[in-house]
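Following this note's numbering, the numbering of the sequence shown begins with 1 at its first residue and continues without gaps.
Just so you know, the hints here were simulated from the structure itself, not pulled from any lab data. Fair warning: there could be bad hints in the mix.
[Claimed, not checked] Between beta-carbon pairs, the in silico distance windows are:
1) LEU198 / ALA65: 25 to 31 Å
2) ASP195 / PRO50: 33 to 39 Å
3) ALA182 / HIS38: 28 to 34 Å
4) ARG140 / GLY86: 16 to 22 Å
The C-beta atom is built at its ideal place from N, Cα and C for all residues, glycine as well.
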Amino acid sequence: MESLPSVRMTANLNSMIRGQQSIEQAERAIVADDVTHHVIDPDGALGLDPLQASTLDDALEALLAAEHDGWFLALPVPGFLAPLRGPAAFNLTALEQGEAVVASTAGLGLVPIRVGQAVQWRIFIAERPLAPSSPYEAERALIEVVIDAAGTLSRLDVASGAWPEPPAPSVLAPGYSSRQRATVQRATRLLTACDAALRHDGASISSFEANRRAEELRRVRAKAGEVLGSAVSWLG
């Protein structure tokens with residue numbers, strides 16, 4: 001799994017609003033290896049020109065001026081949209097892309113839409129999100145889900161899938177602890193493994209086994225996404 005734009009955006013926004021880095025530093029980190037990022041604000045939610053795309057640095061300047069307390073990372077999947085609470089247009093686009101960034105105190109949401117080697121950020125009006133669980137709580141819940149899923153897969157005698165090549169390291173912004181960085185790496189690796197395993201049926205010999213295997217893998221993947229979101233959403 002490549003580094004997600006929403007992870008980079010959330011981490012660098014949180015770092016920037018706490019004075020850990022400049023707009024220019026945040027912009028470079030968010031773009032990373034992409035060709036370019038631009039921002040569209042069709043509803044004027046951020047005060048940008050609704051008729052044309054804006055540069056990322058202009059958007060970051062406007063986001064900094066908005067004085068939000070923090071930003072939450074969302075990795076929604078069907079049946080689990082937290083921390084998103086609407087409106088529907090924002091939730092549906094976030095679900096379609098599988099990622100979003102939302103202001104912790106409500107008002108604004110951003111969804112990255114990849115266009116080749118570039119990213120287009122769509123600004124939305126957003127409801128106040130649910131607060132993610134603490135990193136400790138999320139990690140503990142993930143351990144329980146992984147153990148439970150492993151037991152189920154063992155009883156079914158089906159393979160969860162071979163571990164793929166480890167993903168590229170996720171570089172968090174200044175201000176995040178070494179534990180948070182390690183958590184992000186573990187969660188990203190687990191997401192990558194689940195995505196790879198879900199591409200085939202393992203050793204399943206019946207539709208029942210295949211469905212149960214996929215169900216357990218999706219459950220682990222959703223919880224790993226929650227852990228990743230929690231680790232990136234809480235800074236300091």
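Taking the hints in turn, this is what the structure says about them:
1. LEU198 / ALA65: 25 to 31 Å: For LEU198 and ALA65 the Cβ distance comes to about 42 Å; the hint is violated.
2. ASP195 / PRO50: 33 to 39 Å: Once the Cβ atoms are compared, 36 Å apart, the range 33 to 39 Å for PRO50 and ASP195 holds.
3. ALA182 / HIS38: 28 to 34 Å: At 33 Å between Cβs, range holds.
4. ARG140 / GLY86: 16 to 22 Å: violated (29 Å)
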